[in-house]
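Build the full structure now, drawing on both the sequences and the hints.
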Amino acid sequence: MDPLDILENLDHVKPAFQPIVSAVKHTIIGYEIFGRYQADGEWLSLAEFFHDADVPDEYKVEVDHHLLQLAITEMLQSGAAGSLFINRNAKQLLINGGEDFLHTLLEFEKQGFSMNRLVLEITEHDFEERFDVLNHLLLYYKTYGIQIAVDHVGAKSSNIDRIRQLKPHILKIDTGIIRQSSPDVFQDILYSVSLLARRIGAKLSYENIEDDHQLYFAWKNGGHYYQGFHLARPSFAPQLDDSLLINVGEKVLGFIQREKTLVKERLAFALACEEKMKKMPVKWQGPETADAFIASVTEAFDEESFRIYVCNSDGQQVSSNFRKKEGSWAMEMDQKGSHWAFRPYFLENILHMRTWHKGILSDPYADIETAEMIRTFSFPLSDKYFLFVDISYAFIFDHDFLFIE
Numbered sequence: 001m002d003p004l005d006i007l008e009n010l011d012h013v014k015p016a017f018q019p020i021v022s023a024v025k026h027t028i029i030g031y032e033i034f035g036r037y038q039a040d041g042e043w044l045s046l047a048e049f050f051h052d053a054d055v056p057d058e059y060k061v062e063v064d065h066h067l068l069q070l071a072i073t074e075m076l077q078s079g080a081a082g083s084l085f086i087n088r089n090a091k092q093l094l095i096n097g098g099e100d101f102l103h104t105l106l107e108f109e110k111q112g113f114s115m116n117r118l119v120l121e122i123t124e125h126d127f128e129e130r131f132d133v134l135n136h137l138l139l140y141y142k143t144y145g146i147q148i149a150v151d152h153v154g155a156k157s158s159n160i161d162r163i164r165q166l167k168p169h170i171l172k173i174d175t176g177i178i179r180q181s182s183p184d185v186f187q188d189i190l191y192s193v194s195l196l197a198r199r200i201g202a203k204l205s206y207e208n209i210e211d212d213h214q215l216y217f218a219w220k221n222g223g224h225y226y227q228g229f230h231l232a233r234p235s236f237a238p239q240l241d242d243s244l245l246i247n248v249g250e251k252v253l254g255f256i257q258r259e260k261t262l263v264k265e266r267l268a269f270a271l272a273c274e275e276k277m278k279k280m281p282v283k284w285q286g287p288e289t290a291d292a293f294i295a296s297v298t299e300a301f302d303e304e305s306f307r308i309y310v311c312n313s314d315g316q317q318v319s320s321n322f323r324k325k326e327g328s329w330a331m332e333m334d335q336k337g338s339h340w341a342f343r344p345y346f347l348e349n350i351l352h353m354r355t356w357h358k359g360i361l362s363d364p365y366a367d368i369e370t371a372e373m374i375r376t377f378s379f380p381l382s383d384k385y386f387l388f389v390d391i392s393y394a395f396i397f398d399h400d401f402l403f404i405e
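So for the sequence shown, the numbering used here puts the first residue at 1; every next one is plus one.
Simulated from the structure, these hints should not be mistaken for laboratory data. Keep in mind that this is a model prediction, so the values were computed, not measured. A portion of the hints provided could be inaccurate.
[What the hints assert, rightly or not] Restricting the straight-line Cα-Cα distance to at most 27 Å, the calculated cross-link-like pairs of lysine-lysine (DSS-like) are:
(1) K220 - K276
(2) K278 - K203
(3) K91 - K167
(4) K203 - K142
(5) K276 - K358
(6) K324 - K358
(7) K325 - K276
(8) K264 - K278
(9) K220 - K264
(10) K203 - K276
(11) K25 - K167
(12) K358 - K336
(13) K260 - K336
(14) K260 - K283
(15) K260 - K220
(16) K251 - K264
(17) K167 - K142
(18) K14 - K91
(19) K358 - K384
(20) K264 - K279
(21) K283 - K384
(22) K167 - K220
(23) K110 - K142
(24) K276 - K264
(25) K264 - K358
(26) K384 - K279
Below, the structure written as structure tokens:
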């Protein structure tokens, strides 16, 4: 595809509209614009043209300008509602100090296309390009009502601080990472991005959704917007809600029922663990007999657990570790006196148990010693002492309701 052929035949260039669906209403709330070029009777993607580093930025700006004009004109003439998501890289925006792009939008605003319907997408790796200048320009655009989205978030963790400075309205996550990365790696990326989104008040948008699994993943991990071929393919005109390839509402209802089932099973498991403790023939007599007490508990949790211990309300371990090795329980007396209050949620869970007098099942987390994903069942023995039963990875893996979070 010769860049000059494209530039000299802009009448063969058209915008394609890919719907973006809201997780709140399950309706189309906007469209991302992609460029298409007609050659030999076939419409080709312009992605190669825009990503080619050898193509001058001035060429790209001219084609982008043409696509933007056609897209906004189409939306105005068709009366299509919703936002328009447009992609720009840093070099293009910084040409002439960003005034050319703003001037174009101001002209369309006079025709009735409000600035707050524009979502400007910047790819995360663009932050490497004169970030201070780019940040200043994007903040300036925001004063006009233009929304800012950062695309491919998580590609470089070093940009977290820069994203925090910019405070974009939307963080876009490529669900294709699910196929390319291990689940653990992707979960770590998502955890960081989700935490950042909450702190800066940004919405999460999941793109490149190609199947039900990825849609479920987006729904379960706080996605405010969904986008991808599984929902709708790009077309040369804005689409209506009934043109979506799937019924998003029905899909989400199925996800909800699945989640309810998993939550019920986890609650039933926690209650079963609690009943075991309440029916124990040996009762808690205080920290002096902590090891003897745990020795009487191990049989009840022999299938589920690999480690059991007791801590006081300040997080200090008052018992030995009872660890299951090769099918037998062994004492690790050197762990007595260890302090665990530094762990996230430790003190909060202690206070919950003291207040409600009930056991708690933790979320999955990586064990410090084994690095395996485990859960812990915690149970109040008194107002001052608490039992901790670590559930083994093998048991969790064999029980979907514990493994899937």
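Each hint tested on the structure:
| no. | hint | verdict |
| --- | --- | --- |
| 1 | K220 - K276 | violated (32 Å) |
| 2 | K278 - K203 | violated (45 Å) |
| 3 | K91 - K167 | holds (20 Å) |
| 4 | K203 - K142 | holds (16 Å) |
| 5 | K276 - K358 | holds (13 Å) |
| 6 | K324 - K358 | holds (25 Å) |
| 7 | K325 - K276 | holds (22 Å) |
| 8 | K264 - K278 | holds (21 Å) |
| 9 | K220 - K264 | holds (17 Å) |
| 10 | K203 - K276 | violated (43 Å) |
| 11 | K25 - K167 | holds (25 Å) |
| 12 | K358 - K336 | holds (25 Å) |
| 13 | K260 - K336 | violated (39 Å) |
| 14 | K260 - K283 | violated (35 Å) |
| 15 | K260 - K220 | holds (12 Å) |
| 16 | K251 - K264 | holds (20 Å) |
| 17 | K167 - K142 | holds (10 Å) |
| 18 | K14 - K91 | holds (23 Å) |
| 19 | K358 - K384 | holds (14 Å) |
| 20 | K264 - K279 | holds (22 Å) |
| 21 | K283 - K384 | holds (15 Å) |
| 22 | K167 - K220 | holds (23 Å) |
| 23 | K110 - K142 | holds (18 Å) |
| 24 | K276 - K264 | holds (18 Å) |
| 25 | K264 - K358 | holds (16 Å) |
| 26 | K384 - K279 | holds (20 Å) |
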